[in-house]
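The sequence shown maps to residues 64 to 192 in my numbering.
Quick caveat, the hints were computed from the structure, so don't treat them as lab data.
Wrong hints could be hidden among the right ones.
Pairs of lysine to any residue, SDA-like flavour, derived with a Cα cap of 20 Å [what the hints assert, rightly or not]:
1. LYS158 with TYR115
2. LYS147 with GLN114
3. LYS111 with ARG127
4. LYS158 with SER126
5. LYS158 with ALA120
Here are the in silico distance ranges between beta carbons for each label pair [claimed, not checked]:
6. ARG191 with HIS74: 22 to 28 Å
7. ILE153 with GLY189: 29 to 35 Å
8. SER181 with TYR144: 21 to 27 Å
9. ILE170 with HIS74: 30 to 36 Å
10. SER185 with GLY92: 30 to 36 Å
11. SER185 with ASP157: 17 to 23 Å
12. PHE190 with PRO156: 16 to 22 Å
13. ASP146 with PHE188: 34 to 40 Å
14. ILE170 with ASP146: 19 to 25 Å
15. ASP172 with ASP65: 25 to 31 Å
16. HIS74 with GLU110: 30 to 36 Å
17. GLY168 with GLU68: 36 to 42 Å
Nothing here was measured: the structure is a model prediction, and the numbers come from that model.
Cβ atoms here follow ideal geometry from the backbone N, Cα and C, with glycine treated the same way.
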Amino acid sequence: MDLEEFTTDVHLFVRNIEEAIIRYIGTYGLEGIRIPKYTGVWLPPDEKSPQYRKICAIGVHLSRWVSMHGFAFNVNTDLTYYDKIIPCGIIDPDKTVTSLSAETGQILDWDTVARDLSLVFSEVFGFRF
Numbered sequence: 064m065d066l067e068e069f070t071t072d073v074h075l076f077v078r079n080i081e082e083a084i085i086r087y088i089g090t091y092g093l094e095g096i097r098i099p100k101y102t103g104v105w106l107p108p109d110e111k112s113p114q115y116r117k118i119c120a121i122g123v124h125l126s127r128w129v130s131m132h133g134f135a136f137n138v139n140t141d142l143t144y145y146d147k148i149i150p151c152g153i154i155d156p157d158k159t160v161t162s163l164s165a166e167t168g169q170i171l172d173w174d175t176v177a178r179d180l181s182l183v184f185s186e187v188f189g190f191r192f
């Protein structure tokens, strides 16, 4: 994205990405939260899991106010891959990763997710496409 078209505030850009994901997962009845020390979108501990669960990682790189990277939203992600790495370098025992399919118990159609999430992004960032 060309941030000069939206805002040249990188912090706000990242918060807006988080906001879009939080709103989107809310349509599935999930409560997305931010954890001040960690960028991304998390689900809080609940009856399903005693841990905070990261559902979306965010990492941006900008060159001349154009973003080169963005976010990794776990939709139908095979979570066993995370058994072999330290995701995002976070080793806190009260934190893990999750996916939208793990939380909803259903495999989601990627095209539908992409279309619906695009609409939420357009609302948050204030553009039409």
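### Task
Just pull the numbers of the violated hints for me, sorted ascending.
Result: hints 3, 4, 10, 11 and 12 break, sorted rising.
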